[in-house]
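As given, the protein sequences belong to chains A, B, C and D, one line each in that order. Following the working numbering, the numbering of the first sequence begins with 1 at its first residue and continues without gaps. Following the working numbering, the numbering of the second sequence begins with 1 at its first residue and continues without gaps. Following the working numbering, the numbering of the third sequence begins with 1 at its first residue and continues without gaps. Following the working numbering, the numbering of the fourth sequence begins with 1 at its first residue and continues without gaps.
Hint data in this document are derived by calculation from the structure and do not stem from the laboratory. The beta carbon of each residue, even a glycine, is placed where N, CA and C say it ideally should be. Be careful, since some hints might not be right.
What the hints assert, rightly or not - If you want a taste of the chain C side facing chain B, the calculated C-beta under 8 Å gives, among others:
| # | residue |
| --- | --- |
| 1 | N4 |
| 2 | K8 |
| 3 | R11 |
| 4 | I64 |
| 5 | S69 |
| 6 | G70 |
| 7 | T76 |
| 8 | G78 |
| 9 | F162 |
| 10 | D164 |
| 11 | H218 |
| 12 | P221 |
| 13 | N366 |
There are 4 protein chains.
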Amino acid sequence: MADNSIGKRFRITSFGESHGKVIGIIIDGIPAGMEFDLNLIQKELELRRPAQSEITSPRFERDIAKPLSGIFNGKTTGAPLCLIIENEDFNSSKYDQVKLRPSHVDYVALRKFGGFADYRGSGRFSGRITAGFVIAGAIAKQLLKLRNISIFSYTKSIGKIFDDKDYSIENEEDLLRIREESPVRALNPELSKLMEQKVKSVMKNKDSIGGTIKCMVHNFPSGIGGPIFNSLESNLSKAIFSIPAVRGIEFGMGFNASLMKGSEHNDPWIYDNEELKTTKNDSGGIIGGISTGMPIEFNVAIKPTPSIGISQQSVNIKTRENISIKIEGKHDPCIVPRAIVVVEAMTAISLVDFLLLEGKIPSILN
Amino acid sequence: MADNSIGKRFRITSFGESHGKVIGIIIDGIPAGMEFDLNLIQKELELRRPAQSEITSPRFERDIAKPLSGIFNGKTTGAPLCLIIENEDFNSSKYDQVKLRPSHVDYVALRKFGGFADYRGSGRFSGRITAGFVIAGAIAKQLLKLRNISIFSYTKSIGKIFDDKDYSIENEEDLLRIREESPVRALNPELSKLMEQKVKSVMKNKDSIGGTIKCMVHNFPSGIGGPIFNSLESNLSKAIFSIPAVRGIEFGMGFNASLMKGSEHNDPWIYDNEELKTTKNDSGGIIGGISTGMPIEFNVAIKPTPSIGISQQSVNIKTRENISIKIEGKHDPCIVPRAIVVVEAMTAISLVDFLLLEGKIPSILN
Amino acid sequence: MADNSIGKRFRITSFGESHGKVIGIIIDGIPAGMEFDLNLIQKELELRRPAQSEITSPRFERDIAKPLSGIFNGKTTGAPLCLIIENEDFNSSKYDQVKLRPSHVDYVALRKFGGFADYRGSGRFSGRITAGFVIAGAIAKQLLKLRNISIFSYTKSIGKIFDDKDYSIENEEDLLRIREESPVRALNPELSKLMEQKVKSVMKNKDSIGGTIKCMVHNFPSGIGGPIFNSLESNLSKAIFSIPAVRGIEFGMGFNASLMKGSEHNDPWIYDNEELKTTKNDSGGIIGGISTGMPIEFNVAIKPTPSIGISQQSVNIKTRENISIKIEGKHDPCIVPRAIVVVEAMTAISLVDFLLLEGKIPSILN
Amino acid sequence: MADNSIGKRFRITSFGESHGKVIGIIIDGIPAGMEFDLNLIQKELELRRPAQSEITSPRFERDIAKPLSGIFNGKTTGAPLCLIIENEDFNSSKYDQVKLRPSHVDYVALRKFGGFADYRGSGRFSGRITAGFVIAGAIAKQLLKLRNISIFSYTKSIGKIFDDKDYSIENEEDLLRIREESPVRALNPELSKLMEQKVKSVMKNKDSIGGTIKCMVHNFPSGIGGPIFNSLESNLSKAIFSIPAVRGIEFGMGFNASLMKGSEHNDPWIYDNEELKTTKNDSGGIIGGISTGMPIEFNVAIKPTPSIGISQQSVNIKTRENISIKIEGKHDPCIVPRAIVVVEAMTAISLVDFLLLEGKIPSILN
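Bound conformation, chain A alone (with noise of 0.2 Å):
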């Protein structure tokens, strides 16, 4: 339905199946001149990448980002730029599309393409669809920082087990090693603990489970976004509920706001050596749908993985029966750790869309 496009003046075109030959993304909009960087892209991609410890999906891909046009000696030359991924460890013969699984595309799928979608994996629905998201993210985080805008997510929580502290990325490199050292991609090293045996421990049962991402945004500049329809939470919220498993996401206080009065909600004003800022930012840097200078910050609810080994009930759509249904195949118990770097994308993404409708990043990088 031409749906696979997002972003005005920066747009990404997501293209490729799971099982198919290729993931592959179209980047349009890219100023000229900008450096390519094929490695900071690999980078982003191994913290997607499945298989990266004992506790992501065993599936064995390497996402090796190939670019098939828009660079010219080593750098943007202001046309789309195409990279794909070709698809390497995939075994197609588990899927049908008349066993339903509870809680997965197989019945929206037979609804929206009337049975011709490649339900291979998942086909167009998978996760692994993201790996372009990525692709695309690393550009704009690369544009991003030549304002010097930082984007950082980690897991606040898996399960029960939250990360309720404050963390700001004014020191980003220290935070960077900590979320490396996590196999779960958690600022607390003791709270990673736990919610690494959460996660093995739901594994064991062939159970799944979902869990918190907390996005934050730094050095993002004052006056950005809109009034009602093109507010930055609209634009966002579009891009981070493109992200399959996404449930929910909140900015500032969020949810929480509901609870409290104006008295204890409301931002108060200060100059801080000269530079005005609020005492604190429940507001989560956007009032009125414009960037305040604070950090943006929203938190993002992702579902536990619908794909459990556990028997389930379910039907057969084409007889009619009731079944049981264990799911079989290279599954994620917990898909929190793999979807951080994909949360900043997309935050990325749209972001780098604003600045560049508004001029503040020029369309010719010299």
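Knowing the structure of chain A, use the given hints to seat chains B, C and D on it.
Positioned in the frame of chain A, the structure of chains B, C and D alone reads:
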């Protein structure tokens, strides 16, 4: 910025200011031949109108919608509808843009529009702008009714007072009546009382309070939406975050899904009288971005209104002095009761766009 | 069908009907801080107004533009502008939709809108709709003037009477004055007389006549546009064909280029006082979809108005009988003189969109 | 600048460069369940391919389309199709960007992309990019065939040799065969000979020549399109001007309509065997921006290719010296014969978008 339109096939364009001549809306993409029912629009506007009860802003606005175009012989023509509401009761004397109101739009408006914005009554940022959304929503709902689709929202919580019961809108008329009788637009009469007391109590203290709204859509057909960028959640969230004061959205079990195991969260499929269903609806009627045919359900978090009469610390951005500020004027202590119809409106607008794009509602109604 | 908007960054939305309450336009994306000059708009509307001379339709419309939103303290605010013109002089008694007027919209309107369209005075199909374009065009021109860009159109031909001379708008004021004095809006006084006689002659015979308009843009910066889908020609042609009665457009040498050899058509580059130029401008200021810095030039073909008083053969679509039809009412024998300002308007609207998108005009004017 | 997509519901995205790895196209919005026919695509590509005859560029490209995504079990899935053509025969040694070729893109590319564009073989500006259009066009044509709609283009003129006869594609197969046999893609064998001689003569002189293409669409249903911004002409012209070398477009009588009286130009309606028709088709099948049901007809002006071997005066933009330049390499003396299939492709792409948006072609083909 060309940011004042939303929708592809059913597109609304908002204009007007809180203290300007009018608030207005253009609705483009309405099928030809629809009975134009101004009463129905007016009835919806009543639910959003200020001064409708003791606990809403006393600004007295009759909010009479006047059609300027798009209607002929009492029916829509296929041409764009323009409707305006003339502003009546406003006092612009109290507004300036240099004494920053905490968590209010003064500063971001200055940054975005360079001091040229109409700041009276918050101008384009005012909740009053949503009167136009309600007009368009009334028309979108009328189109959805052609396919027997209903949308119903209610106050799920105010502050910490929650109504966690599940309601079904199969008996929609009862619910409408009960909600009508509740000044806070809740469905449980006892909780409604408590919520009302809470609002009155913060009002007395010149403070404000947040809350949550639950929205339910019945009879929405399965197979609508899409994976990734055109998912139902992506588009609904974009529409809902266009409403001022919204800080979060969650679909189905939402943030609670993050606490759950797959074996708990997954919704088993069954045949119930030949009809395919799920035994529960933790997915909130959406899987893989596409409707399942079960009710679509989501919650919306509303922050406490920032306009409070309590003294707050802030700054004068011109003199750079610290100031103490009390916000005078006519304000709502809790915007939740007036926002429920706006949530319904933006939901209807978003969903009717999908149905028109998919050809599920024809472009000529005979 | 949500078809009534054009533009990405500077977007106009048209509404209203020929014999409805109003003709209106929304202009979204105007930078904040622009002086709002209603006189300038009104002056442009005068050039389009009916009853401005003996050879235009006698329908008497003052065409007074009334702003409803988007202005504060005499300046634009960054919010959408809405302007309306109230319709005054119309007589709807003569219109029906069953006696098909040859080369008129009756049949296509029936097919498109199923009989629900407001057919009075051709409703949305009326040339009167372009009054809104002229309003938006006046504002777009004002923005272009910030970069010293001028747009000028004139009548190049009526029927077979052609003015093939090349004019330069470096002496724009002279041209404006000469055009002002010509009721057919031609630049050569002798040819103007002949054209006027031609129009009067067809008018006397209750017939009509076509013509061509030449449009020139001076000082448009080089490097704007793009290859393929976002070429200047693609967007300008889309804008120009939005004007009723346009049947062709050609850039630079246009159709004559098809007769030429490359050695004749190619424009050699030279330095003229340090400035890069071409020795001639057969390319019409556009190569590869992008501006060269030379004047942008194109011709527009206008068909004879289909509303003629001469008896024509046609059918009654209800009874399926052959009929003879004479079109009564107030019509223009030649729409070319009134269309020149509409061509300028759509050109300005299209070009300002490019400049805003490329950051060549800032979003706040100080 | 995110400019490489066109279409709303059937959207194509172009990528790749003339001398890069690939030329590619994404096609989003194809209904699910369409037989994927690579032969049909290849057959269309043959008509655009260089080195297809003595009078086309000798660059030897087989132009083999390779699908990367969107196909499963030989059918479309509803997911985006990506097809690429690997570039084979290119010699990039002769290109630089400082010696400006007259009427060529060197200068505008420098201005637009700041010297970072891939200038080899004109990069993104190359006519080679249109191979992707032809791929998408082949698929669009296949969808149009579902409604029995045919598109047919032919060479109407080369230089001053014109074929003014009217052809009807009711006997499409004959026309296809005749065109196939003509190396210049003309329909009159005698004129074809003359045109071929003309091309050979300019080729011998290292010069080039322009021409015109006539495009006809049969069986397009009435009632498609719209007044003003979404008119058929607006969208078709936008699509056609996306083809390099196009300098003009005219619908129906086009520029000749400007010479006519209303009484001559108007097309009378009649019933012919119960079917509503016009006795002639000077409107070219479109009135008020909407299809009448008569054949859609338009002419396209193609300029002489700027790459000629004759010595031309120009400048070196680096040294600012006057230079004399002869363009070496493999070029077409007349691009018209290879462009006819590109005109058909862009027409098909534009029209299928309308039909899908209006629900005239379903989103699932069974």
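Each hint, compared with the structure:
Restraint check, C:N4 versus chain B: the minimum CB separation of about 5 Å is within 8 Å; hint holds. Because the closest C-beta pair between C:K8 and chain B is about 7 Å apart, less than 8 Å, the hint holds. Below 8 Å, beta-carbon pairs count as interface contacts, and C:R11 has one with chain B at about 4 Å; its hint therefore holds. Violation of the interface hint for C:I64 is found here, the shortest Cβ-Cβ separation to chain B being roughly 15 Å, above the 8 Å cut-off.
For the restraint placing C:S69 at the interface with chain B, the shortest Cβ-Cβ distance is roughly 5 Å, inside the 8 Å limit, so the hint holds. Residue-level restraint check for C:G70 holds (minimum Cβ-Cβ distance to chain B is 7 Å; threshold 8 Å). Given hint, C:T76 at the interface with chain B, holds; its Cβ is 7 Å from that chain's nearest Cβ, closer than 8 Å. Hint status for C:G78 relative to chain B: holds, with the closest Cβ pair at about 4 Å, below 8 Å.
Here the hint on C:F162 is broken, as its CB sits about 38 Å from the closest CB of chain B, past 8 Å. This hint is violated: C:D164 has a C-beta 40 Å from the nearest C-beta of chain B, more than the 8 Å allowed. Evaluation of the C:H218 hint against chain B yields a violated restraint, the C-beta minimum of about 26 Å exceeding 8 Å. Taking 8 Å as the C-beta contact cut-off toward chain B, the hint placing C:P221 at the interface is violated, the least distance being around 21 Å.
Annotation: interface hint on C:N366 holds; nearest CB of chain B at approximately 7 Å, less than 8 Å.
In the structure shown, a violation is registered for the earlier hints numbered 4, 9, 10, 11, 12, in ascending order.
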